[in-house]
Amino acid sequence: MKFQLRSLMAGASLLVLATAAVAQDNVLQAEDSYFTAAKAELARKIADQPNVGRAKNVVLFVVDGLSVPTITAARIYEGQSRGVDGESNVLSFEELLPYTALSKTYTHDSQVADSAPTATAIVSGVKSLNGTIGVTQQVKVEDCASQKGAEVTTLFELAETAGLSTGIISTARITHATPAATYAKVAGRDWEADKDLPEEAVRNGCKDIAAQLVDWPAGDGFEVVLGGGRGNFMLESQQDPEDETRTGARKDRDLIAEWKARHNDGAYVWNKQEFDAVDPAGTGKLLGLFNASHMQYEADREKDAGGEPSLAEMSVKAIDMLSKNENGYVLMIEGGRVDHAHHAGNAARALTDTVAVAEAVKAVYGKVDPAETLIILTADHSHVFSIAGYPARNNPILGIAGQGDDGKPYTTLGYMNGPGARLDEPRADLTGVDTTDLDFLQQALVPLGESETHAGDDVAIFAQGPWAHLFHGVVEQNLIYHVMEHATGLASRAALATSQAAK
Amino acid sequence: MNRRALLTASLLMPLLPRGALAAPEALKFRDLYVRGRQLTPRAAALAGQEVTMIGYMAPPLKPEIDFFVLTKLPMSTCPFCETEAQWPDDIVLALTDHPVRPVRYTDLIRATGIFETGFQTDPETGFISFLRLRGTRYEKL
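Chains F and S supply the protein sequences, listed in that same order.
Residues are numbered in this note's numbering as their position in the first sequence, beginning at 1, plus a constant of 663.
Residues are numbered in this note's numbering as their position in the second sequence, beginning at 1, plus a constant of 4.
Just so you know, the hints here were simulated from the structure itself, not pulled from any lab data.
The reader is advised that the hints may include incorrect statements.
[What the hints assert, rightly or not] Reference listing, derived: stretches of chain F covered by chain S, where coverage requires no fewer than 3 residues with Cβ under 8 Å from a Cβ of chain S:
(1) 841-847
(2) 966-976
(3) 1077-1086
Note that the Cβ used here is the ideal one computed from N, Cα and C, for glycine as well.
Construct all of the structure, not just a fragment, from the sequences and the given hints.
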C-alpha cells in the first residue's frame, strides 16, 4: 500500500512537471538548440524510475584523486582528442551513471584526506584516521598494538561470507591504500611488505598488507586480484621477471608461490600475453601482478616491457570470472594513477588515465545487467587542480588561457602547489613552450617539489542500478558503504550464512 | 644573468668539445624505447653521437660527485603514494667531467653529452646504468 501511494504521488508530480515543460514552449528561445537539448534531458529525467530491487552485484569504481575539475578537464580532453566539441562532450560515466551526489571527504582527524581512511569509509562505512586502513578512529597511527578492537568488517568480507564472489582491480599496487581497504587492517598504510613493518608491529604480531591479502580469511578469498605491486609478494632473493635490475621486497614468504599452492584451479599471470590466455570459464581464481610497483600510466602502457592489460580489459575479464557465481559479486575497480599524475603536477597523464577509467565503465556497463547491478563511481579525495582564465570555446584544454600581469602566458590547467612552482624565482616564461606535451608540468603557486597535495573539496559520486537514487544531495563519504549494503542486504545475508554454517 | 648562471656558464664554457659547435641531435625521453628496454631505431642510431635531452636533475647522491641522474619528470618521493624511492624505468645517467653543481630537482634543464647505450656498472659506486650521457654539460631552462 505504501508503495502504491508513492506511485500515485509520483504520478501527480509527473503531471505538474509535464505541465511546466509545456509551458516553457511559450518562451522566445523555444527553438534554441541549447534550450531544446535541455528540454529533452528534462523529459528523460521525468521518465526516470527509481530501482528499488535488490542488487545482485556491485561494481565500485574508485578513481583516486578524481576531483571535479579533473572530470571536467578529462571530458574536454577526451572530446578534443576525438575531434569533437570538448565542452559539451560526455564521459561514459556521466551518461551511464545518472544519479549523483557530492561526497564530503574529511576524515576523523583531517580536513584533507589521504587515500587510506577514505577507502575505509567507502567500503566499511566509518570515518577514520589519515594513514590507517581497515580500522576505526580508535586506533593510534602506526601503533600495531592499538589495532585490537579497532578493526572493521568490509563489504567484501560480508560478500564472501554470504557466498558471493569478490574481486579487486587497481592500476596502482594492489597493496596500495584503496584496494587494501577491502581486505587489510593496518595502523600504518605503508606496511605493504614485511620489510616495511616497524619493530613494534613485528613484536605485536601485525601482518603486512601483501600477506594479509594472501591469508585473507573471508570466505574462499578473492576470485580476482589484478594490479601492480608484484615486488611486495616476492622475496628479496627473487629477481623480477620483467626487470632484471629489480628483486622482490620481502624478507620472508614467497607469497606468489603460496597463492599458487592454495589454489589449484587458479591462474597467476604477470604479463599481457598470459592475461589474454586466461579462460574465465575454466579458471577458479585469477591473480595478476603486472608490475613490480604501480602499473604504467595509460599514456605509457604500450611501452611496458611485459605488456599490461588496460583497465577496461581487466574489468571485463573480472566480470567474466565473477559472474559465474549465481549469488552475485562485489568488485572494486580502482583507477589508481590519476592521483599519481596529479602529485607529479602532470595534468596530461591525469586526464589520459581518467579517460581510461571512462572506457572501463563503458565496458563494464556493456557486460552486466544494469537493472540488477549497482554501479558506483567516486573519488576518495580531491587535488589542488583548477581550470582557469577565460579561454575561448574549443581552446586546447592543455593550452594557454591568457597572459598574466607579468606579461607571461599562463595555462588553463594549473595547480595550487607542487613541482610546477619555482623556488624563490619568478615563474617560467611559457612563450614558445608546447604546454600540450605529455611530459609538460603545469605551473603551480607554492613550491612543493616532491609532491602536489590532495585537496579538501567535495568529490562526486555517480551511480546507477538498484537504490542508486539514494545518492543525491551533499552526503558523507561513508554513506557509500551503507547504500551498497542496503542495496544488497549483505549484512543480514552474511549473518544468516554464518548462523547456518554453525548449525 | 644571475650569479649562479654566470658560475655555471663559466664552468661549462671551457668544457665544450670541438664538435659541439655543430647542433647536437635533440632526443626526447619518449623516443628512447619502443617497449621495455628495446631502444627505438633512432635512439640506437644515436649511440656514440652528441645529443641534447631536456629533463630534470635528480638530487645528486653526495657533494663533489661527477654524475647525476637525468629524469623525465622531477624525481620525487611522494608521501602519499610511495613507501620508498621508486626509480622510473626511463632514466639517463649523466656523467660530467667536473663536480656537479646541483640545480633544484624541479628545474627543467637541457643536458648535452655523448649518448651511450648498454648496461654498465660504475666500479666506484656500483651504480648500474643502461643509458648514459658522457661529458655532460647542462643549463637550466
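Hint check:
1. 841-847: Contact hint for the region 841-847 of chain F vs chain S: violated, 0 residues under 8 Å.
2. 966-976: holds (count 5)
3. 1077-1086: holds (count 5)
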